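Please work from the sequences and hints to get the whole structure.
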Amino acid sequence: MKALAVLLATGVLLTACTSGRNPGGYYQDDGPQSGVAVDFSRIPDAVPKPEPVNPARSRPYTVMGHTYRPMHNARGYREIGIASWYGRKFHGQRTATGERYDMYAMTAAHKTLPLPSYARVTNLANHRSVVVRINDRGPFLHNRLIDLSYAAAMKLGIVGHGTGRVEVTAIVPGDEVPAPDDGVTTRPLQAGAPASGRPVPTSLPADARLYLQVGAFSVRASAEKLRARLEAAGLRPVFVQAADRSPSLFRVRIGPVRDRDNHSGLLKRVAEFGIRQTHWVTE
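Residue numbers (my numbering): 1 to 283.
If you are wondering where the hints come from, they were derived from the structure by calculation, not from laboratory data.
You may find that some hints are simply not true.
[Unchecked claim] Derived Cβ-Cβ restraints for the label pairs, each shown as a range: (1) P256 x Y68: 47 to 55 Å; (2) I43 x Q93: 17 to 25 Å; (3) G81 x D39: 26 to 34 Å; (4) G81 x R258: 39 to 47 Å; (5) A232 x N73: 29 to 37 Å; (6) R100 x A232: 46 to 54 Å; (7) Q241 x R42: 19 to 27 Å; (8) I43 x G98: 46 to 54 Å; (9) Y68 x R236: 45 to 53 Å; (10) T67 x A233: 45 to 53 Å; (11) D39 x R100: 17 to 25 Å.
[Claimed, not checked] Lysine-lysine pairs mimicking BS3-like chemistry, simulated, CA-CA at most 27 Å apart: (12) K111 x K89; (13) K49 x K225; (14) K268 x K225; (15) K49 x K111.
Since this is a predicted model, take the numbers as computed values, not measurements.
Here a beta-carbon is modelled for each residue, glycine too, at the ideal position from N, C-alpha and C.
Here is the structure:
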């Protein structure tokens, strides 16, 4: 109880520090609220927006003998690791930002990402992806990377297993962010490089359309800026499309691409703009 009091006094919520997680399940006495029916598909992702970083939560802190040094800027952060989650046992308690934890909100706890900040979390087992707002500290046990809210874990499909292997990518509002798996066929391809065994589809239905996705942004103005640059260089048609399942994400696409014999040439031209990743998309 003394350790708990000390940590709570510093604003750190003991999400993953609590012992007693059931193998393959959730924490003891944790889990969904009984008698509450929630349509998780209707819970929207967190919407990245500029927020001042809390200076009081940017200082180094020590938990269980280990010192953590929070980042002041999350730009470029990307890491793969194990995600866990927390639910009703902590519902309504204070998070490290001082806000009340809401198990039905799209939030998460991380040991060093700025508070607050945003990140895209992708379940590497099923490629589901969500955007969460980091407003808490943890997890501190079992070498876990991130602690997700119950809602985020449900949408990613890891609640039943208790944990899941994920990729966490920080989102800085206005910067390019990875596009989610939103139901269309995508084929990752580094701009200007060979397909590495994942070629552009050669056999498509007669009515299928092929596009080259060159970016995705959390701010529409940034997407429009890239579209204008590409069009000025003669790359047409280029358009901006809001993602159906993530209205805070704006995708920039070239196409439909009709000259399928010149895919490598298009990739090389896009690479001239410093675009490191593209996706072939069929609809």
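These are the hints, each one checked on the structure:
For P256 and Y68, the hinted distance range of 47 to 55 Å is satisfied, since their beta carbons lie about 48 Å from each other. At roughly 20 Å, the beta carbons of I43 and Q93 sit within the given window of 17 to 25 Å. Roughly 29 Å separates the CB atoms of G81 and D39, a value that falls within the hinted 26 to 34 Å. Roughly 42 Å separates the CB atoms of G81 and R258, a value that falls within the hinted 39 to 47 Å.
A hinted range of 29 to 37 Å holds for the C-beta pair A232 and N73, which are about 31 Å apart. In this structure, R100 and A232 meet the distance hint of 46 to 54 Å, their C-beta atoms being roughly 48 Å apart. Range check, Q241 to R42: Cβ separation about 22 Å, and the 19 to 27 Å hint holds. The given range of 46 to 54 Å is broken by I43 and G98, whose C-beta atoms sit roughly 23 Å from each other.
Distance hint check for Y68 and R236: the Cβ-Cβ separation is about 49 Å, which falls inside the suggested range of 45 to 53 Å. Checked against the given bound of 45 to 53 Å, the beta carbons of T67 and A233, roughly 49 Å apart, stay inside it. Between D39 and R100 the beta carbons are some 22 Å apart, a value that agrees with the proposed interval 17 to 25 Å. The hinted pair formed by K111 and K89 meets the criterion: a straight-line CA distance of about 20 Å does not exceed 27 Å.
Of the supplied pair hints, the one linking K49 and K225 holds, its CA atoms being roughly 18 Å apart against a limit of 27 Å. Restraint check: the Cα-Cα separation between K268 and K225 comes to about 20 Å, which is no more than 27 Å; the hinted pair holds. Between K49 and K111, the direct Cα distance comes to roughly 21 Å. Compliance with the 27 Å bound is thereby established for this hinted pair.
Violated hint for the displayed structure: number 8, the only one.
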